[in-house]
Structure formats: C-alpha cells, structure tokens
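For reference, the chains in residue letters:
Number of protein chains: 2
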Amino acid sequence: MNYCPQCGAPVTRRIPEADDRPRFVCDTCKVIHYQNPIVVVGTIPESEGRILLCRRGIEPALNKWTLPAGYLEIGETLQQGAARETLEEAGYQIVDLKPYAITNIVRVNQVYIMFTCGLGDCVSAPGSESLEVKLFTPEEIPWQEIAFRSIHKTLKLYCTDMGRGNYPIHLFDIT
Amino acid sequence: MNYCPQCGAPVTRRIPEADDRPRFVCDTCKVIHYQNPIVVVGTIPESEGRILLCRRGIEPALNKWTLPAGYLEIGETLQQGAARETLEEAGYQIVDLKPYAITNIVRVNQVYIMFTCGLGDCVSAPGSESLEVKLFTPEEIPWQEIAFRSIHKTLKLYCTDMGRGNYPIHLFDIT
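Respectively, the protein sequence lines represent chains V and A.
Residue numbers for the first sequence follow the numbering used here, beginning at 200 and rising by one.
Residue numbers for the second sequence follow the numbering used here, beginning at 200 and rising by one.
Each hint should be verified, as a subset may be incorrect.
With a Cα cut of at most 30 angstroms, we get these calculated DSS-like pairs of lysine-lysine [unchecked claim]:
(1) V:K333 - V:K355
(2) V:K229 - V:K297
(3) A:K263 - V:K229
(4) V:K355 - A:K297
(5) A:K352 - V:K297
(6) V:K263 - A:K229
Derived DEER-like restraints, expressed as beta-carbon distance ranges [claimed, not checked]:
(7) V:A217 - A:P221: 30 to 36 angstroms
(8) V:S327 - A:E339: 54 to 60 angstroms
(9) A:S323 - V:C321: 20 to 26 angstroms
(10) V:R249 - A:E339: 31 to 37 angstroms
(11) V:A260 - A:S323: 43 to 49 angstroms
(12) V:L370 - A:R348: 24 to 30 angstroms
(13) V:R363 - A:E275: 27 to 33 angstroms
(14) A:S323 - V:L334: 37 to 43 angstroms
(15) A:K333 - V:S327: 53 to 59 angstroms
(16) V:D320 - A:A208: 25 to 31 angstroms
(17) V:C321 - A:P221: 49 to 55 angstroms
(18) V:S323 - A:L261: 47 to 53 angstroms
(19) A:Q309 - V:C228: 19 to 25 angstroms
Listed next, the stretches of chain V that the computed footprint assigns to chain A, with coverage defined by at least 3 CB atoms under 8 angstroms from CB atoms of chain A [claimed, not checked]:
(20) 276-285
(21) 300-312
(22) 365-372
Simulated from the structure, these hints should not be mistaken for laboratory data.
C-beta: ideal position from N, C-alpha, C; glycine also.
Given only the sequences and the hints, what does the whole structure look like? Please build it.
Now the structure itself:
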C-alpha cells in the first residue's frame, strides 16, 4: 500500500498511538488501514465412499487435483461460500455441510476452512477453473498430483477418518 | 475505496473480465482490489467450572461483558491470535486450545472463530480494552450485560455443553 484508498494521499507505515504494530496510516485523512488474513473456504464432497476432486485449469498448480475452494466473498456466509465454490468449480450442489478442517497458512496470509458434505445434484458443467471433475476412492487418489500441501493434508486426514467412520474437527498449520 | 492503494489513481467499481461481481479496479495500474471478510479470533477460557469474561473498557458496548476476542493479525495463526487477545484483554496465558464456535456475521463482514481453552498463569494486568476481568459460573453470568449477540450465543452454547461434558464444534450465523 502506497496511497490512501480513501483520500489518495501517500500513506506512511508506523505504529499508531495505542497500537503495538506498524500499520499503513494516512496523515491527511487520519485513517488507519488495517490488513488482515483472508479466509479460503471449501469442501470435501463425498458420495458413497468416493471424494470429488477437480483438476485445476488455472495456475498455480495447473493440471493438479484439488478440492473445491476459494476466497470467501463479502456478503456470504462460510456455508454459502463453500456451496458457491463447489458449484463454480465442480458444477455440483452440496448437502449436509459440517466444519472439518481449519488450516493456518501464515506465509500467504490465509486461513482455510474446509467442510465435509454430501454431493447433491450435478447442475452444470464445471467452470473455467477446472479441466475435469472426478470421484475417487481413497485408494484411487493421485497423491503425487495434489495441488497444495493444505489440500493434501486435509485429504489424508479425511481418508483416515473415513476408515474410522468418525470426522472430528482438525486444526493444523502449514509452515 | 476511492483511490488505488498501489498507484494513487481513482478506482472504478465494475465487474472485471472473467468475474461475476463488482470489484474496485484501477484502470491505470490494472490491479483489481479484492475485499474480503475479516476473521475475529477469541477464547472461552475456563477454570474449574468458571468462565472468564472481560468488562469492556472501550466502545462499542462499553461496560458490557465479553469474551477475549479481536481481529486476527497478519503473521499469526488463529491459535496465536487467540492467545494474544486473551493475554491483551485479560492478562492470562491459555492452554489446550480447541476450536469451538464458528460464526458468520455477514452484516459486518466478520467470521468469528472461538476456541475453548484452559486458563494458564495470570501474567499481567488486563489491557486498556478491559475495565475488569472476572470468572463466572454459568449461573453467575450477567446475561443482560453481554456485549454482543455472537458472544451471548457462544456463551449459551458453552454453558449447555458444560452441563453435558461434551464440546462439539458449533457453526451458526448472526443475522
């Protein structure tokens, strides 16, 4: 950030009064511009023991497999964001959402919140972000071709929990 | 947002190519400025059947009771943020953090992530955001003087779960 989004004046980076860390501050209009981590929301859609994965049609990780996920938007709940991303990236509606994995990826300022869900109807072709959508049993998952470490770990945990028939909430960090 | 934080030129609000919703776009430096919900992280610290609450020393809800919570900062995990907020607002260290309540407050673009925890050592006086810190049994909680609806509901759920000795994850919306 170089300029104040509100008034257009140059910002300075300093610790505001009664604060303890540097912020972008506008000395013209006096606004402090806070910056915060972003929420990524997604799903682990399962149907009869098989997990839905999408083959990425965009960089990064073009051609690799991933779970439907993306940035939570202003104006939507996590549940709505999870449903939207699954519809956009896989073309499927989802049912019975439950929180499953919460992941900190501090290096890129992201918090992932991933939900388990059942697959509803397929209502459209997958969007341009996906080249292909496919259901995999745990044994069939292409572990060497999973797009991101957070997704890889989430899938590993989920496959273990499938074996146990128990899906506790997981909290982990990617460092 | 009126001006581009990167180059200082006026921004326009329109739907970028390959997008489906309006964004602030800089036509000078071509950057799309996404805006996303913010994460609030906090704790429900318990010690021997009593829950720690803080009486707020700042607006909004000055003088009302609340749980330690605040915005997740760049560079920290949810667990670190929860520990920092509890230390800042209550003066206590915490132990044994577990995710407990995930709350959407779409109206103010916030996602709350609240953790159960045990109380560790009291290592400092509460910060300027708190007038007072006190432990309450469920029966003693001043329900008419709780600061926010999300905190009120989280406390209600927690007290019910204390009675059952079981603390499942909760997901709810404040509308």
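The hints, checked one at a time:
Of the supplied pair hints, the one linking K333 of chain V and K355 of chain V holds, its CA atoms being roughly 17 angstroms apart against a limit of 30 angstroms. At roughly 42 angstroms between alpha-carbon atoms, K229 of chain V and K297 of chain V are farther apart than 30 angstroms, so this suggested pair is violated. Proximity of K263 of chain A to K229 of chain V is assessed by CA-CA distance (about 28 angstroms); at most 30 angstroms being required, the pair is judged to hold. For a cut-off of 30 angstroms, the pair hint linking K355 of chain V to K297 of chain A stands: about 21 angstroms separates their Cα positions.
Between the alpha carbons of K352 of chain A and K297 of chain V the distance comes to roughly 19 angstroms, so the proposed pair stays at or under 30 angstroms and holds. A C-alpha spacing of about 28 angstroms is found between K263 of chain V and K229 of chain A, which places the hinted pair at or below 30 angstroms, so the restraint holds. At about 35 angstroms, the CB distance of A217 of chain V to P221 of chain A agrees with the hint of 30 to 36 angstroms. The supplied range of 54 to 60 angstroms is met by S327 of chain V and E339 of chain A, whose beta-carbon atoms lie about 56 angstroms from each other.
Remark: the range hint 20 to 26 angstroms for S323 of chain A to C321 of chain V is contradicted by a beta-carbon distance near 56 angstroms. Between R249 of chain V and E339 of chain A the beta carbons are some 51 angstroms apart, a value that contradicts the proposed interval 31 to 37 angstroms. Separation of A260 of chain V from S323 of chain A is about 44 angstroms and conforms to the stated range, judged on CB atoms against 43 to 49 angstroms. Distance hint check: the CB atoms of L370 of chain V and R348 of chain A are about 25 angstroms apart, consistent with the given range 24 to 30 angstroms.
For the hinted restraint 27 to 33 angstroms between R363 of chain V and E275 of chain A, the CB-CB distance of approximately 32 angstroms keeps it satisfied. Evaluation of the 37 to 43 angstroms hint for S323 of chain A and L334 of chain V yields a failure: the beta carbon distance comes to about 53 angstroms. Look at K333 of chain A against S327 of chain V: about 55 angstroms separates their beta carbons, and that is inside 53 to 59 angstroms. Look at D320 of chain V against A208 of chain A: about 45 angstroms separates their beta carbons, and that is not inside 25 to 31 angstroms.
For C321 of chain V and P221 of chain A, the Cβ-Cβ distance of about 29 angstroms falls outside the hinted range of 49 to 55 angstroms, so the restraint is violated. Taken as a hint, the range 47 to 53 angstroms holds for the pair S323 of chain V and L261 of chain A, whose Cβ atoms sit roughly 50 angstroms apart. Our hint of 19 to 25 angstroms for Q309 of chain A and C228 of chain V holds, since their Cβ atoms are close to 24 angstroms apart. Counting residues of the segment 276-285 of chain V whose C-beta lies closer than 8 angstroms to any C-beta of chain A gives 3; at least three are required, and the coverage claim holds.
Only residues whose C-beta sits within less than 8 angstroms of a C-beta in chain A count toward coverage, and the segment 300-312 of chain V has 6 of them, enough to reach three; the restraint holds. With a threshold of 8 angstroms between beta carbons, the proposed coverage of the segment 365-372 of chain V by chain A holds, since 3 of its residues qualify and at least three are required.
The structure does not agree with the numbered hints 2, 9, 10, 14, 16 and 17 stated previously, though it agrees with the rest.
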